[in-house]
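> As a plain string of letters, each chain reads:
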Amino acid sequence: MYDLNICHLYPDLLNTYGDRGNILALQRRAQWHGINTQVTNITIGDSFDSSEYDIIFLGGGQDYEQEIIQADVLNQKGSEIKSAIDNMKVFLCICGGYQLMGKYYKTWDGKDIEFLGALDLWTVGGKERMIGNIVFESDFISEDGKPLKIVGFENHSGRTYLGEGIRPLGKVLSGSGNNGTDGYEGAVYNNVYCSYSHGSLLPKNPQLTDHLLTLALKQKYTDFDTLGQLDDTFETAARSSVIERILKNI
Amino acid sequence: MKLRQVISIFISKFAIKVLRLIKKGGTTLPGKLAFKIYPGILRSIAGNFEIIMVTGTNGKTTTTRIIEEILKNNNIDYITNKSGANLLSGITTIFIQAVTLTGKPRHRVALIESDEAAFNQVTKHLQPKAVVVTNFFRDQLDRYGELYSTLNAVKSGLERVGDNTSLILNADDSMCASLGRETNKPVFYYGIAPEAGAGDTGNSGDINTDAMFCINCKNKYEYTNHIYGHLGGFYCTGCGYKRPAASLECTGIQETGSSHTTINWKSAPPLSETLQEYTTRINLPGLYNVYNAMAAATCGLALNYSANTVISAMQSFECGFGRMESITVGDKTIKLILVKNPTGFNQVLSFLALDEQQLNAAFLINDKLADGTDISWLWDVDFEQLNKNPDKIGNLFASGLRGEDMAVRLKYSGLDTRKIRIIKDYQLLLERGLEQTPPGGCFHILPTYTAMLDIRGILKKKYNLKEFWK
Chain L
1 MYDLNICHLY PDLLNTYGDR GNILALQRRA QWHGINTQVT NITIGDSFDS SEYDIIFLGG
61 GQDYEQEIIQ ADVLNQKGSE IKSAIDNMKV FLCICGGYQL MGKYYKTWDG KDIEFLGALD
121 LWTVGGKERM IGNIVFESDF ISEDGKPLKI VGFENHSGRT YLGEGIRPLG KVLSGSGNNG
181 TDGYEGAVYN NVYCSYSHGS LLPKNPQLTD HLLTLALKQK YTDFDTLGQL DDTFETAARS
241 SVIERILKNI
Chain Y
1 MKLRQVISIF ISKFAIKVLR LIKKGGTTLP GKLAFKIYPG ILRSIAGNFE IIMVTGTNGK
61 TTTTRIIEEI LKNNNIDYIT NKSGANLLSG ITTIFIQAVT LTGKPRHRVA LIESDEAAFN
121 QVTKHLQPKA VVVTNFFRDQ LDRYGELYST LNAVKSGLER VGDNTSLILN ADDSMCASLG
181 RETNKPVFYY GIAPEAGAGD TGNSGDINTD AMFCINCKNK YEYTNHIYGH LGGFYCTGCG
241 YKRPAASLEC TGIQETGSSH TTINWKSAPP LSETLQEYTT RINLPGLYNV YNAMAAATCG
301 LALNYSANTV ISAMQSFECG FGRMESITVG DKTIKLILVK NPTGFNQVLS FLALDEQQLN
361 AAFLINDKLA DGTDISWLWD VDFEQLNKNP DKIGNLFASG LRGEDMAVRL KYSGLDTRKI
421 RIIKDYQLLL ERGLEQTPPG GCFHILPTYT AMLDIRGILK KKYNLKEFWK
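Chains as they are written, first to last, in my numbering: chain L, 1 to 250; chain Y, 1 to 470.
The shape of chain L in the complex, shown without the other chains (with noise of 0.2 Å):
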């Protein structure tokens, strides 16, 4: 039997927009795989060993909040982050996640706020907010030997802009991404996963869910394969009736 130790960072700090799903979509698809799955919710001040983890998840919060990690981050656990992502530990950021894996966030105006730099990006205020659902399709995964279309939800007023070396997650059908205008939408580095999608992501783009899992599971088990098929009849209706209301508008 396969084991997997999942790691929640600031649980009780990032914790605004829902994204605690993606949590739960990783914990049940393993369950129903036949995969043990344990979460630790580590935040601040609590010490940090990524090596006993195999998927490492951020979510978003509110600006209150994340100044309030700043620091703790920064300071504690920037470095073991840094040393996961380098031994290809499987990482799932997002929104105020995705973003502080970068390197700095410039306020709309002209404050320069560090972040972790872990990632060769960085994002950039704007005043306006890109708020609405949002439909990007992705080479990661194949889907009838088609780029992976993805839903979820943005709400986001940081535009964001990739560095050499990091890919887009996906190419922009509907919505913003990253910064609304070169119509890309979130980053993948090694292993790291990031995007701007709330929804929440993962319960119902279970096919995403799953290439995490098995990103996880290869990463710690020679001899695992490949994950089975589980009925997504409700995953696949959610994720259907966003794409066909949103795309038919385009």
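Be a bit skeptical, because a hint or two may be false.
[Said to hold, decoys possible] DEER-style ranges, computed between Cβ atoms:
(1) K111/L with E356/Y: 54 to 64 Å
(2) N152/Y with K106/L: 20 to 30 Å
(3) I7/Y with G183/L: 13 to 23 Å
(4) K111/L with N152/Y: 11 to 21 Å
In short, the hints are calculated from the structure, not lab data.
Predicted, not measured: the structure shown is a model, and the values here were computed from it.
Idealized CB from N, CA, C, for every residue including glycine.
Dock chain Y against chain L, hints included.
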């Protein structure tokens, strides 16, 4: 100026009549028209009313209805905005209806429920005598933005009103209570006392709550007792900010039923001359309605209405409009319970868990503007609590524009998927839901705001449910 006012009132009144005639409700459009014609209209006509305002995230409508009952018990001639017409235009409409063509008030008191995001805007035009703030919880982030922005907007709104406005604030909510600091206005706090033994047994909430860190110094709050969400006996070891003493609070829960709660409560000076203790049966179930009753009672006593009239209001008020609204269909009951945000939804789920009978429920989730276009919040709702007692779960239906997402949410709570069904057609949903509810049982319908308007429309036709603006 005067002429524009008369024209503004006339056209707006005419619009109300026409919209009612064609059964369109007409709660907001007339107010919009009035403003277009004369932007000073609300300030000008509202000036002669004694105004009571209620705002906050959850419990506004119920609190307003209990205060309304207090006014009735005192034979006060009042107006109030029903049916969630609680933005600037809806509030303007209600005042237009309440004045003569020349703008003279036809009633003495105006009891106004105000959307928390609109409050700042509304207080540009109104000077309330008392403002009740219920609480602050995360709600429709796509519309309201982050929680602290909502708090700051209400704070700015309160700064606009005069120093003799009484503030009635929730002592157990660190955000709401903070509005009473650094103000010259008279402040009356209400709450649920630690000795009431209500809420969670632990001393801290779930990690998925709001406002866990001090609003002044960003240290993590500690709690002497915890009610639900971030409500309770909070204190900060960093700066010393803590739950203020309440002059009115619930001191004990005697009995919780499916249609009421019996509580002990007390009022202390300056709300009453001496310490007074009471036992009262509140005419709605659920801990969150204890807060609503305490808020309304504090408002009543702060405005010098007698304790007797306050108590009888708590005992007899009726809410309607999706707040535990019941419809009898043969030997079965349909209960409508509006759901808007995680905390409210969690409270409804805990209430349902109290019921001994099998749970048969439909969740109607829409994502229109008034519901919030982002349904991510469903993942912040603790549906996992349904799974604690899986044998009690009967049939669960997912419906509304985002019914499929709702079904996914239920599935990932770990419930047996054979018990979850997606039915998008409301007629069919009602038929199937009632059919599968055992005789004598209750079919619970939990809709978001616009889904409630739709399902109410059908229930109205089928079972003669009351029209909501009446």
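> Evaluate each hint against the coordinates.
Now the hints, each set against the structure:
1. Checking the proposed 54 to 64 Å range against K111/L and E356/Y shows it holds: the Cβ atoms sit about 57 Å from each other.
2. Hint check: N152/Y to K106/L, Cβ distance near 23 Å, so the stated range 20 to 30 Å holds.
3. Between I7/Y and G183/L the beta carbons are some 51 Å apart, a value that contradicts the proposed interval 13 to 23 Å.
4. Range check, K111/L to N152/Y: about 19 Å between beta-carbon atoms, so the 11 to 21 Å window is met.
Hint 3 alone, counting from the list given before, is not met by this structure.
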